[in-house]
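Number of protein chains: 2
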Amino acid sequence: MAAVTIKDVAKRAGVTVTTVSRVLNNRGYISEATREKVYRAMKELNYQPNEIARSLLRRRTNILGIILPTVAHPFFSELAFFIEYYAYEYGYKVMLCNSQLDQKKEKEYVEMLRANQVDGIIMASHTLEVDEYLSLKLPLVTFDRQIAPDVPFVSSDNYLGGTLATNLLIDRGCRKIAHICGNLRLNMLANQRNKAFVATAQARKVEYVTVETDLNVFDMRQYDTLVLRLLEEHPDVEGIFAGSDVIAASVIKICHQRKKRIPEDIKVVGYDDVSIASFLTPQLTTIRQPIEDMGRLAVELIHKQINKEAVTVENVLPVTLVERETT
Amino acid sequence: MAAVTIKDVAKRAGVTVTTVSRVLNNRGYISEATREKVYRAMKELNYQPNEIARSLLRRRTNILGIILPTVAHPFFSELAFFIEYYAYEYGYKVMLCNSQLDQKKEKEYVEMLRANQVDGIIMASHTLEVDEYLSLKLPLVTFDRQIAPDVPFVSSDNYLGGTLATNLLIDRGCRKIAHICGNLRLNMLANQRNKAFVATAQARKVEYVTVETDLNVFDMRQYDTLVLRLLEEHPDVEGIFAGSDVIAASVIKICHQRKKRIPEDIKVVGYDDVSIASFLTPQLTTIRQPIEDMGRLAVELIHKQINKEAVTVENVLPVTLVERETT
DNA sequence: CATTTTGTGTCAAACGCTTGACATAAAGAA
DNA sequence: TTCTTTATGTCAAGCGTTTGACACAAAATG
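Chains as they are written, first to last, in my numbering: chain A, 2 to 328; chain B, 2 to 328.
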């Protein structure tokens, strides 16, 4: 109701709105005395400049959209945390969108974000046609997928991650290994992990098998049945390279139920190194993605684009093997 | 650059902006023919009404602020997911804020949200003075704390949760039990769990001990050392009631390291039943909070307040005991 | 003393949209 | 025929800011 505006402040301080606006935006000449008066009036009236009005005029909102499959998944929840963290440092607010990898929803979100004049969109979910993104004419950053030659993306070194994991399993003596990964039909850079898995297994002459999830890799409810099926169909696997730490958790659990000892009977390598990885029992060996760096970088790339600065398109961050107790 | 406005659409369709606005907002008389013309023009120009301009006029943004300690914590990540999910159903967008339980940050977020004219704020972090919230004069919903007699809050039945967990541990034969909980100095309804724990232990004449976390309960890095200390100082505890599933995960891990068998030597009950609870090994017995319902309810309460509808202030949802393998 | 710098004011346009007031005209109903 | 309903248009104000143009005066500088 209050709806105290710049006019009220001006009246209270006995100056004009122009003057108030000047102190607010630090332009033109302002004496300490009036500056004080204005600040006092703002305090007394509990005034906050209306960012909506400002945005309209400036044609800039300082809002970033972030679209991801689901923030309920540990990887994205940590990523979202860091994105928001650094966005805040840069002075941006964050609008959160969970697409659930649903095209219709994602499309609606994209349109909504445009209608709300966000300054840029960070996309960790990209189920639409490339054109739909490009026609936005908005600063964009994608995760784990390159949608166009000039749209920067951030990812980590998936191929190396796959190689590291596979080699480790083989080094530890596994003679048959499996890779549980996301759906390979989706055009994601994470598919490189499977490429590396296959290449490494072949090069080292080890039997291998690949299991893909549903289209929605991040629907955690499917993991148990998937793992169960793998173990039924391939009772002789000795090493499993999981597509994420959550999938690895499922593997550990199912193995435990079936009295397969980890790491004695089956060795497991996860992916991501989200914080639960080290809370599991036994603690999970995993490929660490630098989630914080990825989040920071994404924000930085959006920020630079917003300010018309040049950006590098390919941003592939290093991964590291974190060996704990499951190998 | 495009910045296609309602004027461009009007020109293209050969009508006035008033007419375009009418079809956009469904008011006044519009023939099918012009409606069509207008829609076609909008399509051709790839027009999206500028929500900022609309918001300014309507004095309503359809944006909800949500402040929580950190979306990186599984409980809040799931809660945030559901809040966003239902907010979207109601036509709201969500601005995400991670306060990290830092007063300064929370204060800045609150001011930011007000400046951005959000229609309401859902607060799962409330470290400020009550007045600071009330002076906002904004629809508010809090989680797990009542800040004023007329500010609705949603929580689950913490006392019952504490009772169920404690009784279960005792029923399973524990003769000394511990409760690891958040800092009791914080004015949170979750403290009821400890009340229940103490009352139940006393009533049933079982030895008990309470361990509090740092002020920031949701900083997961402290859990291991906390649990370790508990086990050192009280090597004879036979049952642990953890303040969250993540803390329980830490307990499981540390026990495993110290060769304490679960549930044979030590029994564990978690809290929340976030999805990782069932991914742990052994699967975690826990007190289930209805996170989805809590999220939905919070949105509903905000929505009603925005529309000046009456709301019930106390919204305490039921908890249930989910017994799995750690008891 | 003349000039420049500093401080403040007035005024009005603009951002993109909605909305009310009012006018006009054609089609249908009485 | 007259009245009402339907369909469209014109015009202008307003949402809360920012900003440029311009004016004026006091203080500082030369």
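Hints in this document: simulated from the structure, not taken from any laboratory.
Treat each hint with caution, since some may be false.
The list treats identical chains as one, so a pair stands whether inside a single copy or across any two.
As the list claims (entries may be wrong) - Simulated pairs of lysine-lysine, DSS-like, Cα-Cα distance not exceeding 30 Å:
hint, residue 1, residue 2
1, Lys177, Lys261
2, Lys138, Lys106
3, Lys305, Lys108
4, Lys260, Lys305
5, Lys8, Lys44
6, Lys261, Lys8
7, Lys260, Lys105
8, Lys38, Lys105
9, Lys44, Lys309
- Task: Tell me, please, which holds for Lys44 and Lys309 at an alpha-carbon limit of 30 Å: within, between, both or neither?
- Result: Intra 36 Å, inter 28 Å, cutoff 30 Å: inter-copy only.
- Using 30 Å as the alpha-carbon threshold, which applies to Lys260 and Lys105: within, between, both, or neither? neither (43 Å within a copy, 51 Å between copies)
- Is it within, between, both, or neither for Lys8 and Lys44, if the alpha carbons may be no more than 30 Å apart? within (14 Å within a copy, 40 Å between copies)
- How would you label the pair Lys177, Lys261 (within, between, both, or neither) given a Cα cut-off of 30 Å? Within. Shortest intra-copy distance 15 Å satisfies the 30 Å Cα cut-off; inter-copy 33 Å does not.
- Query: For Lys138 vs Lys106, is the C-alpha pair at or below 30 Å within one copy, between two copies, both, or neither?
  - Reply: For Lys138 and Lys106, the Cα distance is within 30 Å only inside one copy (20 Å; across copies 33 Å).
- Item | Homo-oligomer pair classification [Lys108, Lys305; C-alpha up to 30 Å] | both (25 Å within a copy, 28 Å between copies)
- Message: As a check of your reading, is Lys260 near Lys305 (CA-CA no more than 30 Å) within one copy, between copies, both or neither?
- Response: neither (53 Å within a copy, 52 Å between copies)
- Give the relationship of Lys261 and Lys8 under a CA distance limit of 30 Å: within one copy only, between copies only, both, or neither. neither (73 Å within a copy, 69 Å between copies)
- Message: My question is about Lys38 and Lys105: at a cut-off of 30 Å on alpha-carbon distance, are they close within one copy, between copies, both, or neither?
- Response: Between copies only: 25 Å across chains, 52 Å inside a chain, cut-off 30 Å.
Hint violations for this structure: numbers 4, 6, 7, all remaining hints satisfied.
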